[in-house]
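K.L.:
Chain residues, written in single-letter form:
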Amino acid sequence: EDQVTQSPEALRLQEGESSSLNCSYTVSGLRGLFWYRQDPGKGPEFLFTLYSAGEEKEKERLKATLTKKESFLHITAPKPEDSATYLCAAPTLNSGGYQKVTFGTGTKLQVIP
Amino acid sequence: EAQVTQNPRYLITVTGKKLTVTCSQNMNHEYMSWYRQDPGLGLRQIYYSMNVEVTDKGDVPEGYKVSRKEKRNFPLILESPSPNQTSLYFCASSLGGGGDTQYFGPGTRLTVL
Numbered sequence: 001e002d003q004v005t006q007s008p009e010a011l012r013l014q015e016g017e018s019s020s021l022n023c024s025y026t027v028s029g030l031r032g033l034f035w036y037r038q039d040p041g042k043g044p045e046f047l048f049t050l051y052s053a054g055e056e057k058e059k060e061r062l063k064a065t066l067t068k069k070e071s072f073l074h075i076t077a078p079k080p081e082d083s084a085t086y087l088c089a090a091p092t093l094n095s096g097g098y099q100k101v102t103f104g105t106g107t108k109l110q111v112i113p
Numbered sequence: 001e002a003q004v005t006q007n008p009r010y011l012i013t014v015t016g017k018k019l020t021v022t023c024s025q026n027m028n029h030e031y032m033s034w035y036r037q038d039p040g041l042g043l044r045q046i047y048y049s050m051n052v053e054v055t056d057k058g059d060v061p062e063g064y065k066v067s068r069k070e071k072r073n074f075p076l077i078l079e080s081p082s083p084n085q086t087s088l089y090f091c092a093s094s095l096g097g098g099g100d101t102q103y104f105g106p107g108t109r110l111t112v113l
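In order, the protein sequence lines correspond to chains A and B. By our numbering, the letter at position 109 of the first sequence is numbered 109, and the numbering carries on one by one without gaps. By our numbering, the letter at position 36 of the second sequence is numbered 36, and the numbering carries on one by one without gaps.
Simulated from the structure, these hints should not be mistaken for lab results. Careful, some of the hints might be misleading.
[Claimed, not checked] Here are the in silico distance ranges between beta carbons for each label pair:
#1 B:K69 x A:E15: 42 to 52 Å
#2 A:E9 x B:T13: 25 to 35 Å
#3 B:K17 x A:T76: 47 to 57 Å
#4 A:E58 x B:N84: 34 to 44 Å
#5 A:I112 x B:I77: 38 to 48 Å
#6 B:T15 x A:K57: 25 to 35 Å
#7 B:K18 x A:S52: 42 to 52 Å
#8 B:T111 x A:E70: 31 to 41 Å
#9 B:K17 x A:T5: 33 to 43 Å
#10 B:T22 x A:G16: 40 to 50 Å
#11 B:L88 x A:A10: 32 to 42 Å
#12 B:K18 x A:A77: 44 to 54 Å
Beta carbons are placed, not taken as given, at the ideal position from N, Cα and C, and that holds for glycine.
Input sequences plus hints: build the corresponding full structure.
P.N.:
Next up, the structure:
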C-alpha cells in the first residue's frame, strides 16, 4: 500500500530559526514528489515537484530535496508569513496508467515573531 | 485568470438529502480529482477523471458519485449524504496525470446533520 508520512506533525519556530520538515514515502511507480503549502480554510498551493533522487529546488526561504526514500523541506530564516501547513504528496500510476495521488497528513508550521 | 472554482463554498444539509458540489476549471486540463480533508487523516482522493467520460475510484469512493460530461466540469454527487461525510472537500485539476502539478479549488465545507 502506498504511504506518505510527514514529521513532525507540528513545528513551532522563532522567526529566523531554520529547520527542516520530513516526508518519507513508500510508493510503487513513483512519478515525482510534490510539496504544497496550505493556509487555513484554503486549498493547497503548489510549491515544488521533485522527480529524481538528488534533485533540489528553491523558492525564497524554502528548499526541497529528494532522496530515494524521503524528501526534506528546509526553511531558512523563516518569517511569520511562512506559517502554514506544508503537505507532501506522491503521484503514482495505477494499473490503468493513470494518476493516483497519496498525500501525507502535513506539518503545521508556526513561526513566532 | 487560471483557476479552479467550486460551489457552494459552505453547505449545511440533512441526512439523505441529495446534493451536488460543482467544480469547474478554465485551464483546459484533462485530469480532475476530488479530495476530502479530515483532521488527522489528511487529503484523501475520492474519485478522479482522466478525461471526458473517463473516471475511476480513489481511496474513499463509497457514498459518492461523479460525472465528467464536459472537460471543464467535474461535479461531485452525494445521493444520500450521511454525517460521516461531513468534511472539507477540494477539487483539483492538472494538465495530465503521472506527475503533473495539481491546482486546487478553494474548498467546500460540508456539514451533514
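K.L.:
Within 25 to 35 Å: is that where the Cβ-Cβ distance between B:T15 and A:K57 falls?
P.N.:
Since the Cβ atoms of B:T15 and A:K57 sit about 46 Å apart, the hinted range of 25 to 35 Å is violated.
K.L.:
Taking 44 to 54 Å as the hint, is the beta-carbon distance of B:K18 and A:A77 inside that range?
P.N.:
holds, 51 Å
K.L.:
Could you check the hint for me, namely that B:T111 and A:E70 are 31 to 41 Å apart, CB to CB?
P.N.:
Because 37 Å falls inside the window, the suggested range holds.
K.L.:
Just tell me: holds or violated, for the beta carbon distance of B:K17 and A:T76 against 47 to 57 Å?
P.N.:
holds, 50 Å
K.L.:
The hint says 38 to 48 Å between A:I112 and B:I77; measuring C-beta to C-beta, is that right?
P.N.:
holds, 44 Å
K.L.:
Given a hinted range of 34 to 44 Å, is it respected by the beta-carbon distance of A:E58 and B:N84?
P.N.:
Cβ of A:E58 to Cβ of B:N84: about 41 Å, so the range 34 to 44 Å holds.
K.L.:
Taking 32 to 42 Å as the hint, is the beta-carbon distance of B:L88 and A:A10 inside that range?
P.N.:
violated, 19 Å
K.L.:
Taking 42 to 52 Å as the stated bounds, is the beta-carbon spacing between B:K18 and A:S52 within them?
P.N.:
Given about 46 Å between the Cβ atoms, the range holds.
K.L.:
Quick check on a hinted range of 42 to 52 Å for B:K69 and A:E15, using CB atoms only.
P.N.:
holds, 50 Å
K.L.:
Is it true that the C-beta distance of A:E9 to B:T13 lies inside 25 to 35 Å, as the hint says?
P.N.:
Since the Cβ atoms of A:E9 and B:T13 sit about 31 Å apart, the hinted range of 25 to 35 Å holds.
K.L.:
Is 33 to 43 Å right for how far apart the beta carbons of B:K17 and A:T5 are?
P.N.:
holds, 37 Å
K.L.:
Could one say that the CB atoms of B:T22 and A:G16 fall in the range 40 to 50 Å?
P.N.:
holds, 44 Å
Hints 6, 11, counting from the list given before, are not met by this structure.
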